[in-house]
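Q: With the hints as constraints, model all of the structure from the sequences given.
Protein chains in written order, with this note's numbering: chain A, 14 to 719; chain B, 19 to 281.
If you're looking for bench data, these hints aren't it; they were derived computationally from the structure. Everything numeric in this text was worked out from a predicted model, so none of it was measured. Among the hints, a few may not be true.
[As the list claims (entries may be wrong)] Capping the alpha-carbon separation at 25 angstroms, the derived lysine-lysine pairs in DSS-like fashion look like this:
1) B:LYS269 - A:LYS678
2) A:LYS297 - B:LYS71
3) B:LYS269 - A:LYS414
4) A:LYS297 - A:LYS278
5) A:LYS575 - B:LYS269
6) B:LYS184 - A:LYS302
[Said to hold, decoys possible] To give a feel for the contact side, a few chain B residues facing chain A, derived at Cβ under 8 angstroms:
7) SER32
8) ARG47
9) ASP49
10) VAL51
11) GLY143
12) GLN145
13) MET149
14) LYS172
15) GLU203
16) ARG205
17) TYR206
18) LEU228
[Said to hold, decoys possible] Taking beta-carbon pairs under 8 angstroms as the criterion, some of the chain B residues facing chain A (in silico):
19) PRO29
20) GLU33
21) SER53
22) GLU56
23) MET96
24) LYS171
25) VAL207
26) MET209
27) LYS275
We treat Cβ as the ideally placed atom computed from N, Cα and C, and that holds for glycine.
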Amino acid sequence: MLESIQSPAQATYWFISGRTLFLGIHILGLACFAYIVARRLAPLLNAQRELRFDRPLIRIGRVLQFWFGQWKHPRYRTAGIVHILFFAGFIILAVHTFALLGLGTASGPTGPSPSSLARAYDLITNYAATIVFWCMIFAAVRRLVFKPARYAVPARYGKAHTADAIFLLALIAILMFAESVFEASKVALLAGHGHAVESLAALSLPWTLHNAFASVSPQVLWNLYLGSYLVQALTFYFLLCYRPFGIQFHVETSLFGVYFAKLDKGTVKPVRWGVSDEQLDQVKSFGVKKFEDFTWKHMLDFYSCADCGRCSDQCPANAVGRPLSPRFITTKARDYCFQHFPVFGRTNNSHALIGGIYSDDEIWSCTTCGACEEECPLLIEYIDKIVDLRRGMVDDGNVPKSLQKPLKALESRGNPYGKMEKKRVEWAKEKEFQSTCQVKVLNGDGRADTLFFVDSITSYDDRIQAIGRATARALTDAGENFGILGAAEKDSGHEARRFGEEMLFQALRDQNVQAIKESGVKRIVTADPHAYNALKHDYKDVPPVEHISQVISRGVKSGKLKFNPVENGENVYTYHDPCYLGRHNGVYDDPRYVLDAIPGMKRVEMGRCRDRSFCCGGGGLMLFYEPKEEQRMGVKRVQMAAEAGANVIVTACPFCMVNMEDAIKVAGMEGKMTAIDLTELVDQQLVRESPQVAEKDSNVVTHASS
Amino acid sequence: MEILVCARRVPDTSENEIQLNSAGNDIERDDLVYSINEPDNYAVEEALQIVAKSGGNVTVATVGSDEDEEILRREMAMGANQGVLLNDDAFSGSDGKGIATILKGFVQKGKYDLVLTGVQAEDGGAQVGGMLAAMLDYPFASLVNAIEVVDGKKLKISREIEGGNKEMSEIDLPCVLSIQTGINEPRYVGMRGIRQVQSLEIPTYGASDLAVDPSSVGEAGAKVKRDDYFVPAVGKGAEILQGDSEEIIAKLIELIKAKGGLQ
Numbered sequence: 014m015l016e017s018i019q020s021p022a023q024a025t026y027w028f029i030s031g032r033t034l035f036l037g038i039h040i041l042g043l044a045c046f047a048y049i050v051a052r053r054l055a056p057l058l059n060a061q062r063e064l065r066f067d068r069p070l071i072r073i074g075r076v077l078q079f080w081f082g083q084w085k086h087p088r089y090r091t092a093g094i095v096h097i098l099f100f101a102g103f104i105i106l107a108v109h110t111f112a113l114l115g116l117g118t119a120s121g122p123t124g125p126s127p128s129s130l131a132r133a134y135d136l137i138t139n140y141a142a143t144i145v146f147w148c149m150i151f152a153a154v155r156r157l158v159f160k161p162a163r164y165a166v167p168a169r170y171g172k173a174h175t176a177d178a179i180f181l182l183a184l185i186a187i188l189m190f191a192e193s194v195f196e197a198s199k200v201a202l203l204a205g206h207g208h209a210v211e212s213l214a215a216l217s218l219p220w221t222l223h224n225a226f227a228s229v230s231p232q233v234l235w236n237l238y239l240g241s242y243l244v245q246a247l248t249f250y251f252l253l254c255y256r257p258f259g260i261q262f263h264v265e266t267s268l269f270g271v272y273f274a275k276l277d278k279g280t281v282k283p284v285r286w287g288v289s290d291e292q293l294d295q296v297k298s299f300g301v302k303k304f305e306d307f308t309w310k311h312m313l314d315f316y317s318c319a320d321c322g323r324c325s326d327q328c329p330a331n332a333v334g335r336p337l338s339p340r341f342i343t344t345k346a347r348d349y350c351f352q353h354f355p356v357f358g359r360t361n362n363s364h365a366l367i368g369g370i371y372s373d374d375e376i377w378s379c380t381t382c383g384a385c386e387e388e389c390p391l392l393i394e395y396i397d398k399i400v401d402l403r404r405g406m407v408d409d410g411n412v413p414k415s416l417q418k419p420l421k422a423l424e425s426r427g428n429p430y431g432k433m434e435k436k437r438v439e440w441a442k443e444k445e446f447q448s449t450c451q452v453k454v455l456n457g458d459g460r461a462d463t464l465f466f467v468d469s470i471t472s473y474d475d476r477i478q479a480i481g482r483a484t485a486r487a488l489t490d491a492g493e494n495f496g497i498l499g500a501a502e503k504d505s506g507h508e509a510r511r512f513g514e515e516m517l518f519q520a521l522r523d524q525n526v527q528a529i530k531e532s533g534v535k536r537i538v539t540a541d542p543h544a545y546n547a548l549k550h551d552y553k554d555v556p557p558v559e560h561i562s563q564v565i566s567r568g569v570k571s572g573k574l575k576f577n578p579v580e581n582g583e584n585v586y587t588y589h590d591p592c593y594l595g596r597h598n599g600v601y602d603d604p605r606y607v608l609d610a611i612p613g614m615k616r617v618e619m620g621r622c623r624d625r626s627f628c629c630g631g632g633g634l635m636l637f638y639e640p641k642e643e644q645r646m647g648v649k650r651v652q653m654a655a656e657a658g659a660n661v662i663v664t665a666c667p668f669c670m671v672n673m674e675d676a677i678k679v680a681g682m683e684g685k686m687t688a689i690d691l692t693e694l695v696d697q698q699l700v701r702e703s704p705q706v707a708e709k710d711s712n713v714v715t716h717a718s719s
Numbered sequence: 019m020e021i022l023v024c025a026r027r028v029p030d031t032s033e034n035e036i037q038l039n040s041a042g043n044d045i046e047r048d049d050l051v052y053s054i055n056e057p058d059n060y061a062v063e064e065a066l067q068i069v070a071k072s073g074g075n076v077t078v079a080t081v082g083s084d085e086d087e088e089i090l091r092r093e094m095a096m097g098a099n100q101g102v103l104l105n106d107d108a109f110s111g112s113d114g115k116g117i118a119t120i121l122k123g124f125v126q127k128g129k130y131d132l133v134l135t136g137v138q139a140e141d142g143g144a145q146v147g148g149m150l151a152a153m154l155d156y157p158f159a160s161l162v163n164a165i166e167v168v169d170g171k172k173l174k175i176s177r178e179i180e181g182g183n184k185e186m187s188e189i190d191l192p193c194v195l196s197i198q199t200g201i202n203e204p205r206y207v208g209m210r211g212i213r214q215v216q217s218l219e220i221p222t223y224g225a226s227d228l229a230v231d232p233s234s235v236g237e238a239g240a241k242v243k244r245d246d247y248f249v250p251a252v253g254k255g256a257e258i259l260q261g262d263s264e265e266i267i268a269k270l271i272e273l274i275k276a277k278g279g280l281q
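A: And the structure:
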């Protein structure tokens with residue numbers, strides 16, 4: 014009795030020896046793949062620089078977490094688990110598949126696996142192939158029958174991607190099926206040769222097929238054995254070479270995409286990597302105007318997108334019908350790239366992106382809330398691309414009229430409202446406030462350890478000034494020796510930078526940095542998360558900065574700050590995470606800790622909270638922009654609060670306050686819902702020995718009355 | 019086409035709180051920020067768009083002092099080929115006719131096919147365009163809100179008339195047009211653009227360069243003199259409706275009905 018059967022290499026296919034045939038397939042397949050990948054790399058080599066080679070250990074850690082560990086996938090439970098299953102299947106099958114391909118040119122016969130370890134691995138691969146196979150069937154059924162909404166392609170973004178997806182799922186299923194037929198027929202043939210040691214994993218696909226082959230003649234088994242081997246080899250190489258033409262390219266690129274992913278949250282990329290601020294005047298063109306202006310990492314992102322639609326599913330702009338959907342920012346750029354840097358034929362690039370694949374409104378619609386980036390399983394970046402596209406538009410003078418005035422006012426007055434510099438301190442001069450709380454202006458005479466960086470909206474907006482006063486009183490109660498810059502303070506420039514006006518941002522930053530240094534303070538506190546983010550990430554060489562919620566939470570922990578019980582026990586509070594406090598800076602717990610320290614506080618969480626918080630509509634210059642939308646983001650957000658059973662929305666950002674209060678009016682929920690800033694609530698609830706009365710601004714309703 | 023745009027630097031009404039000075043003969047000018055007169059900015063944008071289509075150069079000129087260079091640079095950052103400052107001690111205190119006389123001197127130094135002005139200066143009286151045209155003996159059209167170059171010799175222009183209708187006219191070149199805001203959407207000028215033109219030289223011309231008789235301009239030649247500023251007494255025209263939204267709406271409808279606005 015023979016202990017083994019011929020390997021496919023030893024067999025003959027249509028008068029050609031198996032070895033010749035499979036060697037041909039290997040060489041042809043690998044050559045095609047190498048050529049295609051080289052062509053796909055071409056635009057990356059002509060792209061802008063990006064310095065992503067630092068901190069290798071952190072990057073490897075992130076690869077283990079986000080790529081190997083599939084960290085973000087379970088955020089979408091069904092699709093995520095299915096992806097984890099077949100990703101694990103692929104990882105398990107990797108060695109097996111290469112060993113299998115090796116059989117095509119192997120010199121020896123095919124026999125049972127030599128060691129028990131190898132046999133154990135074989136059993137596991139039986140299951141892995143089965144799981145991948147059924148995952149593909151499941152995914153195809155889901156796409157075709159259940160049609161999750163996030164896969165739909167609105168007409169304005171082109172045709173549905175379903176056919177492409179199904180084709181790829183089918184190819185993988187065929188590969189798994191062919192491998193299983195090969196395994197089943199191999200074992201059946203070996204058994205026919207009296208060798209029954211080789212066994213298959215119970216209930217796996219190869220096992221099922223093996224049972225099905227019980228009554229099949231040896232000749233048919235032999236044909237199945239050779240045929241399935243040929244099919245799996247051809248399918249493998251077809252898949253390999255087809256992937257770089259569509260969404261499946263992420264199989265190859267995601268590892269690199271995750272390794273090179275952005276590490277510094279809250280920051281914005283420099284205009285040009287490796288070009289200092291002083292050298293910027295020599296840069297001929299700012300931002301991204303044509304495809305080659307993207308960095309190589311951004312192009313890699315375009316290749317890596319798996320079209321899963323999670324970014325757009327979370328995007329608040331997309332949710333309210335603004336003409337922006339992050340998923341299509343990527344796929345349109347990828348289509349452009351494939352068309353203008355084709356695998357076959359000459360490159361044909363240099364077309365303007367704005368007015369070409371992107372519209373002005375699409376790019377201005379983004380609030381830079383970061384929900385898309387938080388969600389992407391592959392860590393694809395959007396904010397840097399949006400900002401770079403805006404820089405290009407600003408450089409070409411293509412800025413909506415609604416934004417031109419505030420930008421000009423920032424330039425001439427240092428605030429977007431065009432108000433006079435000397436009026437920047439007026440919020441602190443309100444009579445009743447001044448009688449209990451004196452705010453020092455640090456202009457040479459006054460000295461303090463702590464700077465309260467107020468920023469424009471809190472300085473000038475009638476309603477928001479109350480947040481400034483509440484913050485000042487909380488700082489006083491926490492025992493801080495603090496002051497403000499007064500007329501010397503300029504807008505933080507946070508939004509100027511994110512709206513693409515880099516030089517204006519730098520001018521504002523430089524003036525602020527100088528004023529801060531001259532004030533001699535040791536630390537900075539702000540109640541505005543946008544200013545917080547700017548001071549923390551965009552400014553350099555300034556003292557450490559904290560958000561007021563962190564200061565208050567510390568005061569509560571140390572026992573310095575104590576709260577009276579809530580007046581109206583009927584109220585149900587919910588905390589809305591401001592994007593630039595939460596997602597961009599990870600401050601989720603301090604505000605919640607403060608709220609929960611108020612006796613009698615009833616607090617609920619909205620469905621979308623913490624890193625999935627839903628943007629209120631955007632801050633800074635976004636308040637001036639007139640977007641095309643069906644609904645306000647804020648209206649959606651107050652409805653979410655109502656659904657959660659809350660009647661008071663607590664936030665910790667002046668812009669959220671403006672948007673929420675507007676939204677409450679627009680949604681017709683006045684009397685049913687109120688919004689209050691964390692500092693205002695703290696101000697009302699603080700136990701005070703001195704008769705420092707908290708402010709009851711006309712708009713700050715302490716309890717909802719209905 | 020060689021185009022000259024006459025521009026002017028004015029206090030920016032959106033970024034200032036305009037108040038009278040204590041003497042009551044001028045506005046309080048400390049703490050003011052200035053910018054280009056808005057209609058002039060539209061005129062420059064229009065000139066740039068014409069030149070982009072049919073070739074040529076755009077020159078921006080202003081009558082003023084060194085401080086006024088700021089707006090010339092802004093317009094150069096926008097794309098104007100040249101900025102020119104018409105500066106002479108003799109020019110200060112000019113009335114509309116004086117300004118027109120100075121500009122006429124400059125126009126005659128060069129060879130311009132088209133001269134544009136803003137429809138009026140935010141602190142002025144819409145005088146200069148018409149007077150300049152008359153002095154040059156050029157045809158003039160005011161309140162222009164669309165321009166189309168017909169051939170090298172004529173323009174098709176329109177102005178808005180009552181009820182949102184448009185009146186179309188043809189005008190021979192060279193001519194003077196006063197440009198209405200809304201004719202286009204002026205491009206944004208960023209900090210970077212201004213920095214890039216910061217070191218470019220701005221030619222300055224005085225009375226003798228322009229062959230202008232100093233006695234015909236400035237305070238010496240002014241026949242219109244500003245006498246006084248005053249804030250009109252607050253009238254009793256406004257009424258603030260009180261109550262909740264429903265009540266306010268009801269009152270408003272009643273009021274509009276009473277005035278015949280609703281039947």
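Q: The structure should be examined with respect to each hint, and the outcome stated for every one.
A: Going down the list of hints, with the structure as the test:
1. A distance of roughly 20 angstroms separates the Cα atoms of LYS269 (chain B) and LYS678 (chain A); the hinted pair therefore holds under the 25 angstroms criterion.
2. The straight-line distance between the Cα atoms of LYS297 (chain A) and LYS71 (chain B) is roughly 24 angstroms, inside the 25 angstroms bound, and the hint therefore holds.
3. A C-alpha spacing of about 36 angstroms is found between LYS269 (chain B) and LYS414 (chain A), which places the hinted pair above 25 angstroms, so the restraint is violated.
4. Under the criterion of a C-alpha separation no larger than 25 angstroms, the hint pairing LYS297 (chain A) with LYS278 (chain A) is inconsistent with the structure, at around 28 angstroms.
5. Taking the CA atoms of LYS575 (chain A) and LYS269 (chain B), the gap is near 48 angstroms; set against the 25 angstroms cutoff, the hint is violated.
6. For the given pair, LYS184 (chain B) sits about 37 angstroms from LYS302 (chain A) by alpha-carbon distance, which is inconsistent with the 25 angstroms threshold.
7. Evaluation of the SER32 (chain B) hint against chain A yields a held restraint, the C-beta minimum of about 5 angstroms falling below 8 angstroms.
8. Look at ARG47 (chain B): its Cβ only gets to about 13 angstroms from chain A, farther than 8 angstroms, so that hint breaks.
9. With its C-beta approaching chain A no nearer than about 6 angstroms, ASP49 (chain B) sits inside the 8 angstroms limit, and its interface hint holds.
10. Because the closest C-beta pair between VAL51 (chain B) and chain A is about 4 angstroms apart, less than 8 angstroms, the hint holds.
11. Interface restraint check: GLY143 (chain B) against chain A, minimum CB-CB distance 25 angstroms, threshold 8 angstroms, status violated.
12. For the restraint placing GLN145 (chain B) at the interface with chain A, the shortest Cβ-Cβ distance is roughly 27 angstroms, beyond the 8 angstroms limit, so the hint is violated.
13. Nearest Cβ of chain A to the Cβ of MET149 (chain B): about 31 angstroms, over the 8 angstroms cut. The hint is violated.
14. With a cut of 8 angstroms, the hint placing LYS172 (chain B) at the interface with chain A is violated, because the nearest CB-to-CB distance is about 29 angstroms.
15. The interface hint given for GLU203 (chain B) holds, since its Cβ lies 6 angstroms from the closest Cβ of chain A, which is under the 8 angstroms cut-off.
16. Satisfaction of the interface hint for ARG205 (chain B) is found here, the shortest Cβ-Cβ separation to chain A being roughly 3 angstroms, below the 8 angstroms cut-off.
17. For TYR206 (chain B), the shortest C-beta to C-beta distance to chain A is roughly 4 angstroms, which falls under 8 angstroms, so the interface hint holds.
18. Interface hint at LEU228 (chain B): violated, since its Cβ lies 31 angstroms from the closest Cβ of chain A, which is beyond the 8 angstroms cut-off.
19. Look at PRO29 (chain B): its Cβ only gets to about 11 angstroms from chain A, farther than 8 angstroms, so that hint breaks.
20. The restraint placing GLU33 (chain B) at the interface with chain A holds, with a minimum CB-CB distance near 3 angstroms, inside the 8 angstroms limit.
21. Restraint check, SER53 (chain B) versus chain A: the minimum CB separation of about 7 angstroms is within 8 angstroms; hint holds.
22. Because the smallest distance between the Cβ of GLU56 (chain B) and any Cβ of chain A comes to about 10 angstroms, over 8 angstroms, the interface hint for this residue is violated.
23. Evaluation of the MET96 (chain B) hint against chain A yields a held restraint, the C-beta minimum of about 7 angstroms falling below 8 angstroms.
24. With its C-beta approaching chain A no nearer than about 30 angstroms, LYS171 (chain B) sits outside the 8 angstroms limit, and its interface hint is violated.
25. With a least beta-carbon distance of about 7 angstroms to chain A, the hint placing VAL207 (chain B) at the interface is held under the 8 angstroms criterion.
26. For MET209 (chain B), the shortest C-beta to C-beta distance to chain A is roughly 4 angstroms, which falls under 8 angstroms, so the interface hint holds.
27. This hint is violated: LYS275 (chain B) has a C-beta 26 angstroms from the nearest C-beta of chain A, more than the 8 angstroms allowed.
Taken one by one, the earlier hints fail for this structure at numbers 3, 4, 5, 6, 8, 11, 12, 13, 14, 18, 19, 22, 24 and 27, listed in ascending order.
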